[in-house]
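Q: One-letter residues, chain by chain:
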Amino acid sequence: MKKIFLFITALCCALSLSACSAKKERPVTKPDGTLDKCSLRFSWWGGDDRHEATLKAIDLWNKKHPDITITPEYGGWDGWSEKVNSQVKSGTEPDIMQINYDWLISLSPDGGGFYDLDELSSQLDLSQFDNEVLSFGKVGGKLNAVTVSVSGRSLFYNSQVFSKMGAEYPETWEDLIALGNSFGADGLYPLDLDIQSGGTAWYLAVVYVQQQTGRQFISVDGRLGFTVEDIKAALSFYRQLEESHVIRTVRTRTDEDGNAALYQSPEFIGGRVAGVLEWGSAVGKYESVLPEGVLEAGPLLTDEKGCSDGWLIKPSLLYAVSKHTKYPDEAAAFINFMLNDEECAEILGTTRGIPASKAAETALQKSGALKGLAKESDDILSSADTMTISPYMELPRMKEFYNTAIESVSYGTADADTAARQMFDSINNYLEKIRK
Amino acid sequence: MRSRIYRNPVGVSKFTGLVLILPFIIGAVLFIIYPFVYSFTVGLTDNNGGMSFENYRNILSDSSSRQAFGVTLKYTLILVPLKLAVSLLVALLLNCELKGIGIFRTAFYIPSILGSNLAVIIMWQYLFTSDGLVNQLLSTMGIAPVGWYGDPDAALFIIVLLRLWEFGSTMVIFLAALRDMPKELYDAAKVDGCGNIRTFFSITLPQLKRIIFINLILQTIAAMQEFNAPYMITGGGPLGNTRTIGMYIYEEMFRYGDEGTANAVSWLLFVIIGLIVMLLYKFTEKLRRD
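Note that the protein sequences, when read in sequence, are chains A and B. With our numbering applied, the first sequence corresponds to residues -15 to 420, in that order. With our numbering applied, the second sequence corresponds to residues 30 to 319, in that order.
Hint data in this document are derived by calculation from the structure and do not stem from the laboratory. The C-beta atom is built at its ideal place from N, Cα and C for all residues, glycine as well. A portion of the hints provided could be inaccurate.
A short, non-exhaustive set of chain B residues, derived as facing chain A with CB atoms under 10 Å [claimed, not checked]:
| id | residue |
| --- | --- |
| 1 | 93 |
| 2 | 174 |
| 3 | 283 |
Estimated spans, in silico, between C-beta atoms of each pair [stated by the list, open to error]:
| id | chain 1 | residue 1 | chain 2 | residue 2 | range |
| --- | --- | --- | --- | --- | --- |
| 4 | B | 136 | A | 396 | 40 to 48 Å |
| 5 | B | 111 | A | 396 | 28 to 36 Å |
| 6 | B | 129 | A | 58 | 46 to 54 Å |
| 7 | A | 43 | B | 76 | 44 to 52 Å |
| 8 | A | 397 | B | 136 | 55 to 63 Å |
| 9 | A | 20 | B | 53 | 38 to 46 Å |
| 10 | B | 256 | A | 53 | 31 to 39 Å |
| 11 | B | 96 | A | 209 | 25 to 33 Å |
| 12 | B | 96 | A | 58 | 29 to 37 Å |
| 13 | B | 60 | A | 58 | 26 to 34 Å |
Output of the computed footprint for chain A on chain B, the stretches with three or more beta carbons under 8 Å from beta carbons of chain A [claimed, not checked]:
| id | segment |
| --- | --- |
| 14 | 108 to 117 |
| 15 | 177 to 185 |
| 16 | 259 to 273 |
Whenever a hint applies, use it, and build me the whole structure from the sequences.
A: Shown next, in the form of structure tokens:
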């Protein structure tokens, strides 16, 4: 009996070691150019507006292609990247996925993590996209994903609160600080920044310092452009926003909202917090909790003495196909439908931002659906001198570094200098470790 | 009357026993031993794919992992004694013979059935927001509202309170033991003129020693593995003061994709829990024997 037990244990060790040393790669199914009968899984995250529109689009697809059934998998942003991360690592990911820009680095560092969409050009019309837009989805020369829309974060305000206060939307950083002081007298806040999944606090501080210095926070190839002094300036600026009553302190925000997102917060819905920094492609969830037409896009904040506009853009969403899918042609055909089909574009509207596909954008223009906050935000960003966000900036580990520094400065457990030095070292060490 | 003769359907040989327990062995190998060994090897795999103790060295030098271990120990030290005391107290109250006592026993057990599901978590979140029910109650009593989520100590207290509210399972074990106690002991104590307090310390508590130990071990293990409540209520904040080691493992594995660190921390937690249980066994050995 002892011998049997020892044998089993030894066998387990051997199997585990061999599993660690050589993970078996499943063969990639080659495209055959035909559409067969099958069922495909499609996953995305978003707010209710996006869910409803996407489900309607899937209904249209299922009517047009009764042989290829799409099974939807969707949810909110919180916990979504963790879910997809574990699915991809265990090889159980859906056939088609809506992915985030930084996932290309974390899930496909050499370009082999997703299906190469260049191989599926018989089903996927890539001519509808600019080369620059397509390049966002390329890793190691392989087209891992197609950009759905290019978007940036911009400022949106509760127009009712602003008109009640007799205030104009701020145009400069000085305006914003002055607004904080006037709103503060009535216990209101003109803006909200978070350190949770959104991480908008560090984002705005980066924009501010980029305008001051002209230096990009992190380059596209993953090198830290900020000095310790720049990081310190960003943290000090954040602290100034809290002290000027522009935003709630981390502690106040946590006490009032707990772990809930801003658009679910009574403080935002009730108008005590009157502004938000959000992606044009995701602002719908904030818009839908306020009366129609109340949320309005404001100008991008600038500094007259600054070097550049400093605001950032990125491919807000991308579609990718699992490298394990047995039906690459069918998956590509569905992506093509979601990106380029006119009827589908009208159903989806701007729930994923302004479409990067020329065909979809034209369809929306014709139908008069190219309007709303997403369009306003897009126009505002188009008129600015924007920079493309480095995908490294949005990696979850990097967000941890930002949030730790901001939280410690806000709580006063570290001064801006100490927090900046720690953050500088942490970011440099991490980037060095993961850089390709 | 003819006696029946039962024959062993698998025959009798030296492998009969092995054949009979084979389904269990297969299950244990596939779902327990293999994942254990696999997890250990992943924990020893460094970034370059080689075998080393790099992950363990990184964990020990990382301040956030040390903080997570500290938070977990603090949480365990606060929760477990409180939960045992409350469970025992309620079990003593529910041990009396009153009409309709079954309703109370069921009512006190309900929070344990609910567990940390989403509805309970949402209820908890709203109870403790700045204008939640708890602060409203405090203000009616003239006490200043507390920032439950923003204060590092208060945030941990909310989680302790949630788990304390779910004392039903521990209470049921105590109650079962109390109901099995020989009545003669209490009758003799009454004859000797013992009061309630003396009876509790001289009869009830000594009789419950083994049950207290079982509950102590079970609750310590559960508290050391805490994940759901801090993940859903506080997200580990503020300042990482409610990030338990369970949350740390989850974040390393699924948020940051660092399998090596996650598995190495899991093994460290396994060893620490094992050591704590061994120490509890050792220190309570004499008490349990007496």
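Q: Indicate, hint by hint, whether the structure satisfies it.
A: Evaluated hints:
no. : hint                       : verdict
1   : 93                         : 8 Å, holds
2   : 174                        : 9 Å, holds
3   : 283                        : 4 Å, holds
4   : B:136 to A:396: 40 to 48 Å : 45 Å, holds
5   : B:111 to A:396: 28 to 36 Å : 31 Å, holds
6   : B:129 to A:58: 46 to 54 Å  : 48 Å, holds
7   : A:43 to B:76: 44 to 52 Å   : 46 Å, holds
8   : A:397 to B:136: 55 to 63 Å : 43 Å, violated
9   : A:20 to B:53: 38 to 46 Å   : 44 Å, holds
10  : B:256 to A:53: 31 to 39 Å  : 36 Å, holds
11  : B:96 to A:209: 25 to 33 Å  : 30 Å, holds
12  : B:96 to A:58: 29 to 37 Å   : 35 Å, holds
13  : B:60 to A:58: 26 to 34 Å   : 31 Å, holds
14  : 108 to 117                 : violated (count 0)
15  : 177 to 185                 : holds (count 4)
16  : 259 to 273                 : holds (count 8)
Checked against the numbered hints above, the structure violates hints 8 and 14; every other hint is satisfied.
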